[in-house]
Amino acid sequence: MGDHGDVMDVRRRMPATYGLDFAFHWVPPRSRAFRCPDRLLQHDVFVRNRDRGNPDSGSASIRKERAIHDEKCHERRKMSRISRSWDRRRGLAGIADQEMRKHLPHGCRMTDTRLDEIVAFGEGLILRAGQILQEQGGKGTIRAKGAGDYVTEIDERIQAFLVREIERFTPEHRILAEEGMGGEGVDGCFWVIDPLDGTMNFIVGIPFQAISVAFLQEGEPLLGWVYDPIHGELFHARKGKGSFCNGAPIVPLARKRPPLCISSGFGGWLFSRGEGERLASICRKYGKIRNLGAQALQLAYVAAGRLLAVLNHEARIWDDAAGALIVQEAGGHYSNVWGAPIFPLRRGWGGSDQPLASLAAPPTVHREILEILAPLQQGEKG
Numbered sequence: 038m039g040d041h042g043d044v045m046d047v048r049r050r051m052p053a054t055y056g057l058d059f060a061f062h063w064v065p066p067r068s069r070a071f072r073c074p075d076r077l078l079q080h081d082v083f084v085r086n087r088d089r090g091n092p093d094s095g096s097a098s099i100r101k102e103r104a105i106h107d108e109k110c111h112e113r114r115k116m117s118r119i120s121r122s123w124d125r126r127r128g129l130a131g132i133a134d135q136e137m138r139k140h141l142p143h144g145c146r147m148t149d150t151r152l153d154e155i156v157a158f159g160e161g162l163i164l165r166a167g168q169i170l171q172e173q174g175g176k177g178t179i180r181a182k183g184a185g186d187y188v189t190e191i192d193e194r195i196q197a198f199l200v201r202e203i204e205r206f207t208p209e210h211r212i213l214a215e216e217g218m219g220g221e222g223v224d225g226c227f228w229v230i231d232p233l234d235g236t237m238n239f240i241v242g243i244p245f246q247a248i249s250v251a252f253l254q255e256g257e258p259l260l261g262w263v264y265d266p267i268h269g270e271l272f273h274a275r276k277g278k279g280s281f282c283n284g285a286p287i288v289p290l291a292r293k294r295p296p297l298c299i300s301s302g303f304g305g306w307l308f309s310r311g312e313g314e315r316l317a318s319i320c321r322k323y324g325k326i327r328n329l330g331a332q333a334l335q336l337a338y339v340a341a342g343r344l345l346a347v348l349n350h351e352a353r354i355w356d357d358a359a360g361a362l363i364v365q366e367a368g369g370h371y372s373n374v375w376g377a378p379i380f381p382l383r384r385g386w387g388g389s390d391q392p393l394a395s396l397a398a399p400p401t402v403h404r405e406i407l408e409i410l411a412p413l414q415q416g417e418k419g
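Number 206 in the numbering used here belongs to position 169 of the sequence shown; there are no gaps in the numbering.
Keep in mind that the hints are not guaranteed to be accurate.
[Unchecked claim] Pairwise CB distance ranges, derived in the manner of DEER restraints:
(1) R201 x E314: 47 to 55 Å
(2) S318 x F198: 28 to 36 Å
(3) L164 x A411: 37 to 45 Å
(4) S309 x A157: 40 to 48 Å
It should be emphasised that the hints constitute simulated quantities derived from the structure, not laboratory data. As the structure is a computational prediction, the values presented were derived from the model and not from experiment. Quick reminder that beta carbons are idealized off the backbone N, C-alpha and C, glycines included.
Using the sequences and the hints given, assemble the complete structure.
Okay, here's the thing in structure tokens:
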């Protein structure tokens with residue numbers, strides 16, 4: 038038996054007295070969902086004239102049958118290429134749906150090899166998405182999603198690209214995206230994407246925005262990418278393997294005192310509770326304050342030592358999933374403002390509309406800020 042690329046051929050020369058050749062063609066299934074198991078092995082028996090070297094030899098019926106056969110083979114080769122390409126991307130090697138459920142509980146079981154494939158795919162994906170932002174000729178249509186919350190045509194174009202490519206590569210995994218897509222469950226593996234973090238910056242012309250993509254298993258980020266195409270910086274992390282910027286390892290968080298980042302939502306949360314003095318005490322203790330307007334990139338900056346900490350009360354999962362992993366893999370701490378872990382997400386976590394109220398900082402600063410905020414926890418519970 039030989040494998041000739043697209044079609045595996047089995048040819049047996051029959052005894053000369055029969056004057057016949059048999060060609061059996063095995064055609065790979067068109068998808069991993071085998072709806073007709075009894076037709077997995079399809080074959081044609083083509084009766085040829087013994088003299089293959091002369092295309093004009095044999096009867097007219099044989100020549101006609103040869104033409105029909107060749108046309109079928111061409112179509113099958115085409116479908117075979119498509120099928121094999123899809124199977125490679127899916128990593129399922131043509132496993133039927135029933136078999137996939139048997140071997141992949143919750144639709145997800147990650148091996149190091151499979152994660153390596155996803156790492157390579159994710160890096161190429163986010164770099165190509167960045168080209169859309171770099172090559173855009175304007176903001177396009179802008180519409181309001183809520184008070185002070187906008188979405189542009191570029192957001193939607195980048196998200197459509199990311200979703201399309203992820204669905205091709207891992208069709209068995211869910212996608213949770215900022216611009217209205219995805220479910221709220223935490224089981225299995227799923228992607229979380231923010232096509233344009235810092236949309237308001239983009240609208241008004243401030244060059245500080247990023248694309249954020251994370252891959253989670255059972256609610257725990259395993260991989261995270263934050264790409265700033267304007268400055269050409271790609272931050273990424275893999276759980277247990279460290280954080281990187283443009284391929285170079287990010288050293289443990291800097292010991293110097295860069296500015297602290299406090300979101301407008303966090304400041305408003307404190308003032309609404311009459312705790313403006315508590316905010317002032319944080320400012321006195323840590324000095325310079327910034328709010329750069331792109332949460333995923335701010336978290337990456339904490340990992341890189343460019344920001345001391347990030348306090349945010351309004352960020353959603355797509356803002357934090359990738360950046361949180363990058364901070365943690367660089368040696369920092371990431372939690373909610375009371376010190377409780379946000380990841381892995383728990384059942385009933387509140388869904389994508391639930392603000393995370395997060396804090397990211399080096400271990401010592403993280404502990405100090407939690408001590409300042411601790412008296413508020415009882416009031417929040419009440």
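Here is what the structure says about each hint:
Taken as a hint, the range 47 to 55 Å holds for the pair R201 and E314, whose Cβ atoms sit roughly 50 Å apart. Remark: the range hint 28 to 36 Å for S318 to F198 is contradicted by a beta-carbon distance near 45 Å. Between L164 and A411 the CB atoms are about 42 Å apart, so this pair conforms to the stated range of 37 to 45 Å. Distance hint check for S309 and A157: the Cβ-Cβ separation is about 46 Å, which falls inside the suggested range of 40 to 48 Å.
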